[in-house]
Amino acid sequence: MKLGELASLAGVRLEGDPRTEIRFVSTLRAAGPGSIAFLSNYKYRPYLADTGASAVILPEELLDECPVAALVSDDPYVTYARVANALYPAETVEAGAVHPTAVVAEDADIHHSVSIGPHCVVESGVRLACGVVLGPACIVQRDCSLGEDTRLVARVTLCHRTQLGVRCLIHPGAVLGSDGFGLANDRGIWLKIPQVGRVVLGDDVEVGANTTIDRGAIEDTVIEDGVKLDNQIQLGHNVRVGAHSLIAGCAGISGSVTIGRQCTIGGGAGFGGHLELTDNVVITGFSRVSKSIREPGVYTSGTPLQKQRDWQKNTVRYRQLEKMAQRLSELEKKLKD
Amino acid sequence: MKLGELASLAGVRLEGDPRTEIRFVSTLRAAGPGSIAFLSNYKYRPYLADTGASAVILPEELLDECPVAALVSDDPYVTYARVANALYPAETVEAGAVHPTAVVAEDADIHHSVSIGPHCVVESGVRLACGVVLGPACIVQRDCSLGEDTRLVARVTLCHRTQLGVRCLIHPGAVLGSDGFGLANDRGIWLKIPQVGRVVLGDDVEVGANTTIDRGAIEDTVIEDGVKLDNQIQLGHNVRVGAHSLIAGCAGISGSVTIGRQCTIGGGAGFGGHLELTDNVVITGFSRVSKSIREPGVYTSGTPLQKQRDWQKNTVRYRQLEKMAQRLSELEKKLKD
Amino acid sequence: MKLGELASLAGVRLEGDPRTEIRFVSTLRAAGPGSIAFLSNYKYRPYLADTGASAVILPEELLDECPVAALVSDDPYVTYARVANALYPAETVEAGAVHPTAVVAEDADIHHSVSIGPHCVVESGVRLACGVVLGPACIVQRDCSLGEDTRLVARVTLCHRTQLGVRCLIHPGAVLGSDGFGLANDRGIWLKIPQVGRVVLGDDVEVGANTTIDRGAIEDTVIEDGVKLDNQIQLGHNVRVGAHSLIAGCAGISGSVTIGRQCTIGGGAGFGGHLELTDNVVITGFSRVSKSIREPGVYTSGTPLQKQRDWQKNTVRYRQLEKMAQRLSELEKKLKD
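Chains B, A and U supply the protein sequences, listed in that same order. For the first sequence, our numbering assigns the number 1 to the initial residue and increments by one for each residue that follows. For the second sequence, our numbering assigns the number 1 to the initial residue and increments by one for each residue that follows. For the third sequence, our numbering assigns the number 1 to the initial residue and increments by one for each residue that follows.
Wrong hints could be hidden among the right ones.
[As the list claims (entries may be wrong)] Computed cross-link-like contacts, BS3-like style, restricted to lysine-lysine with a CA-CA straight-line distance of at most 30 Å:
#1 Lys333/B with Lys333/A
#2 Lys313/B with Lys333/U
#3 Lys336/A with Lys323/A
#4 Lys43/U with Lys192/A
#5 Lys334/A with Lys336/B
#6 Lys291/A with Lys323/B
#7 Lys333/U with Lys323/A
#8 Lys2/U with Lys313/A
#9 Lys336/U with Lys336/B
#10 Lys43/A with Lys307/U
#11 Lys313/A with Lys334/B
#12 Lys307/A with Lys43/B
#13 Lys291/U with Lys43/B
#14 Lys333/B with Lys323/A
#15 Lys43/A with Lys192/B
#16 Lys336/U with Lys313/A
#17 Lys333/A with Lys313/B
#18 Lys2/A with Lys192/B
[What the hints assert, rightly or not] So, partial list: chain A residues that the calculated Cβ filter (under 10 Å) puts toward chain U:
#19 Val121
#20 Thr157
#21 Gly182
#22 Asn185
#23 Ile218
#24 Val222
#25 Ser290
#26 Lys291
#27 Thr315
[As the list claims (entries may be wrong)] Covered stretches of chain U, as calculated for chain A (at least 3 residues, CB under 8 Å):
#28 143-155
#29 302-308
In short, the hints are calculated from the structure, not lab data. Beta carbons are placed, not taken as given, at the ideal position from N, Cα and C, and that holds for glycine.
Extracted from the complex, chain B is given alone in its bound form:
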């Protein structure tokens, strides 16, 4: 593409020759001719002067240091997103192609534009809207519904009655609609509780590889519009994630947790059950959430990494914290006397 086109579709100012040919993205450091790089994190500023890129996306204040053409942006990373999406459109698939090895129920309601890959299984009562793409080996069980342009990359499992909005993107190995972990203890024996709710995704939801989302116990598990889930996340039954929230990899969200809108949950964070987070909460990576959070802000738990020798000493003291506090109080009392 021409740099001028990219500037115009990203809605930013161009400094340089609009006819510059851009074919791929690169980092500032490894860039070669035909590439466009971006500078968002100032840590990479030292690489700007010597970059081999044909163009760089950067903030106004770094323009003077840029040796090549530039797209000037208040938010270079957002501009980079737009430019990269233009340079790398989603892989096109043949509209309407249903692979002969796919097993598709006769009563499934499938738009003529839908593409279904090899070894897929589409069960009875399923609805696939215009532009839906099922990559190889996807399983869509009975009565699921997928909105327009939703794409299952490969090997996705949707259990019965799962609902996906439009433009959702689900990565390999994800399982949506598996049974929630509902059990009643009858004098030492666990009785399974039928899980009769659904998983319901809004529009523009992305679900990472090998992430699992359980169906609701009675009511539904709900993921609102624009939510982005990374890999290997577990969402228990009846979780609700508010619109435009983001959850990083390996987070574990116990049943009936409600997360507000535009929250950011760091990787590996763990949630106790039945908690509520208000909007705009940030949980840092690998923190443990054991209480509801009613005030926006950044929250953390955990202890710092130490050399094991130091850790061992401090950890002994940790066990004695209650006693240390009592000794401190006694000293204060004595001194007062």
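For this one, chain B is given, so just place chains A and U on it according to the hints.
Showing chains A and U alone in chain B's frame:
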């Protein structure tokens, strides 16, 4: 079903008209005509008076507040389990149906009642007992054995020689019998140790979506009767889980750990290798277990979630705990003098 | 095999009859005739005198206590690895067999010795070298390349352009090359960043069941030679793992982390993004790494498991650490006065 039938099969007292028609379950709050709800957690008591349910399962002492028919139970959640299982029997599948796309070894020993879904692979030497159901795209590798009425929901992988008892239920993406992580370090190079044990599940075991259970290194990995495993759990080689224990999602159990009977392991809990837990131990969610536990009880680790600003201050002090303890001792000594 | 053969291929000294027949491995305790056991961990020394094994691998200094034939080794576990690999060679598959249910692109470059199992999908532009084995239901998307003797056990997903070296072993449910979690926030809406790098594995890399490795955002995610990854691990985009490092199950490695050579990362360990670990670092299980590590050694974080009652008291004090430190300073000051 009639409410009278439900009362009788659950073995509880009915207050109200036994001919009341019950078609589905619901929460107290969202209930409509034809539904049955339950009240087990007193947090939901305020919704009882105005419930739209046709019947409610509740303890004797709340009977007076119930505006509709009631099933009176000492343990409403267990009664609910029985009622819900009656209202929502497991999906029936056509007995004996083997999908033409399934690839089944000629020498597999398959009961005539077994149902095998599309794109399944059943290898040589496999034994599938009466009533076994393989959902779509399950892989059962050579010499596996599945007991009566065991069901693989969809896309389950059983590696060679895995043994499942009767009435097991395995959810999508689960992998049983993968190689354990056994490696010997030969002057900087890791040598793989062949993993020649099996995975052996007892009866009535449930395994969640994308959970992995490694085969034993020499002897077997064993999951005893009635154990319930949630999603995304990892059980290393030679783990043994005692009967009727329960492990919540994302827990990581290192190799050769032995967990007793009727233990409850919270979500995301992590175990060091070669530990032993006695019976009736509870580990709270996201705790880290680094020593064997010989006494029943509830165990926890971890630090509380805090606003990041507070956390930063406390975490600095945590690193100084050993020094703080020394300073405290010195003060005590001085004051004594 | 004869014990003499095993001694000679493992390069160790034999004490006893070289014609002793060895058919399988066992533990010292459960051993029977025809088996070989090993003693590496002195915890198992009490079982040596009464072992039923036909031979034992052990260090010189325990030779006197051994009631049967012995292989004498400086490193019994390494010797056991060699012996067990001789007794249990990898399952042989029919070279050149492509199952009729496999869907293989016409333009894929497939060596005549390659074995492809049922329900596999091999897309356009893929290269499979001599001796590659694809177990059942593997998906190899366009333009992937697999080196000689690399084996996908079953149900592995390789997304487009993933590169594997020679003798790699990938376990069921693993997903390599899924999109990294790259998103730019445009006034509350998350924009997806195309992930255009690849996943590149060196030689002799092992990847555990249900582990996920994301493709790079711009440059590649790289796993060097001899790295061993356990189950359920998540490696974010642009992670680099140095040669002969080992990562245990459930670890979560955030994007752009660089791990040095011959590091050992314990199970469930969590890494913040963009960190660097030098060579020969050990992170203990379930630790959280939030800073780069420039010095080899053993590192830990976390607090010890306690009875919940004790934990509750100490955890209250933990929140007060900063205040306790201040009170301590005041006392010291007063006492000085």
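Hints violated by the structure (listed by number, smallest first): Per hint list: 8 and 24 violated.
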